[in-house]
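A.B. asks: The chain contents come next:
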Amino acid sequence: MDRLKVNIGKLELQNPVTTASGTFGYGVEYADFIDLNRLGAIFVKGTTLEPRQGNDYPRMAETPSGMLNSVGLQNKGVDYFIERIYPGIREYNTRIIVNVSGSTLEDYVKCSERLEDLDKVPAIELNISCPNIKEGGMAFGTTCQSAANVTKAVRNVYRKTLIVKLSPNVTDIAAIAKAVEDEGADSVSLVNTFLGMAIDAETRKPRLSTVTGGLSGPCIKPIALRMVWQVYNAVRIPIIGIGGISSAADAIEFMLAGSTAVQIGTYNFIDPAISMKVIDGITDYLSRHKLKSVSEIIGKLEV
Amino acid sequence: MKVLDFTVRSNEPLNYQNNLIKVAPADNEPLPDMHPGQFVQVLVSNSGSVFLRRPISINFVDRGKNEMWLLVQRVGEGTRKICEITAGQTLNLIFPLGNSFSIPHKKGRYLLIGGGVGTAPMLFLGKKLNEKGFSAEFLLGGRSQRDILQISEFERLGSVYCTTEDGSLGEKGFVTDHSVLRNNSYDFIYTCGPKPMMMAVARYANTNKTGCEASLENLMACGFGACLCCIEKTTRGNLCSCTDGPVFNINELTWTD
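Residue numbers (our numbering), protein chains in the order written: chain H, 1 to 303; chain F, 1001 to 1257.
Chain H on its own, in the form it takes in the complex (with noise of 0.2 Å):
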């Protein structure tokens, strides 16, 4: 199936269809309902230097066509992977990538060069943009000067390929690309979940214990291409496109619009078997069309 593969800078996906973190846990959450091996990458749970207990219950609220979480990097912790994760995970035939969070500028580099040397985790994604941590987090990715810091503190002790993942709550997520792709960024993943909450109008309480929270799904797919489309039109390195697809034309739209692979993130919660289904039905799109390879159509939107 060569016509599906892509690149992601030096990094060889065999096919551009991969899972958002976040929604995939490890990916063997998932090992009952699909061929993990036929995905293009996974990218797995959020991972922090020091292990976090996560934000308090409520962490989740249904919206129209999509949800809202708090979930707030629950996670053992970057050693806990490293020993106890990787090893049941690292025979996959398929990338795995690691998400990559933290506090400070200091967590991100630490935590950074601990998987640098995990011989089947080919590259990070940098997760600039979560909104559901007090410090840290999002506050990284929302101005120029900060992306771009903490993009070049990780830039220089990782090698491998660097992803940064955007957050969507800037006033110009064009100029960010461009601040962390002069850094050395490899590629670009957008977008993280836009800031919203949700109020029980009976109770007059907000339906997260956070009061605001993330905000997926179908809903924001809109305004994700949006972005896409102008991220892609500011730089050069390749975009990963995220923003509630939840069937093979959803990816196929991110692609036109200049993503050169798709993260498919909350829909999996619905239908775990729906990145399956998109990789077949990209494949029909490409015999359709008669398109030899599906980089034919990355940002070929004809405007």
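There is no bait here: all hints are sound.
Taking CB as the label site, the calculated pair distances span:
#, chain 1, residue 1, chain 2, residue 2, range
1, H, 199, F, 1046, 22 to 30 Å
2, F, 1159, H, 118, 57 to 65 Å
3, F, 1015, H, 12, 53 to 61 Å
4, H, 202, F, 1237, 29 to 37 Å
5, F, 1106, H, 199, 47 to 55 Å
6, H, 202, F, 1151, 25 to 33 Å
7, F, 1046, H, 118, 42 to 50 Å
8, H, 203, F, 1237, 23 to 31 Å
9, F, 1143, H, 56, 24 to 32 Å
10, F, 1255, H, 7, 49 to 57 Å
11, F, 1143, H, 199, 22 to 30 Å
12, H, 197, F, 1159, 43 to 51 Å
13, H, 106, F, 1015, 55 to 63 Å
14, H, 105, F, 1254, 29 to 37 Å
The hints are simulated quantities; they were obtained by calculation from the structure and are not laboratory data. All residues carry an ideal CB built from backbone N, CA and C; glycine is no exception.
Let chain H serve as the given structure and place chain F on it in line with the hints.
C.D. replies: Chain F in isolation, oriented as in the chain H frame:
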């Protein structure tokens, strides 16, 4: 776990807010092993406002008919939509999900306490205890007589005691007020229902040094351990109530005395 289309064999309203939906695999494949306490995630079709699946406890499994029963309480738009389904239509489920109640190894007195729609998994559990040769006793609670569901089904499996808040059926009051708790001692208690009820049951169990498991119904998105939304704070840290639960020993929970 798998995603499978089921054909609805029947959908019958049991009272003003609960439906009993009986389903069988659309392709007639035999149902896999399922255990009391486990649940399914129901896809809600044809609703603009409902996005996520709805977790529904397995009420009963009829092996002879290769049929699974789902007792659904209409609490919001999602469960209302599910209850609109008619015989012959398709219901897409992810199943079976979650852990299950622990089944004892020796004869004893086992009390199954359910409140409202929380009685749903107790029918399946009672059946399993019977199959193991153990008797089960059921203590069912509700606001009023019309809230006590499936009494005749429960009576086939063991003794049934009821409480209603208005006294219209059984003893008046909450389940923990029932005389059966004062006059007997039990080897193990299983409970599912509203949290205040389960807290009271846990208090009774702790006071009487009786082992007890409770089934929780935290809000969840995926149902299989990926989203980390349905966490329960426990003595072992934050656990997913979908995969580490929904059944927890009360000793692990932080809201029990």
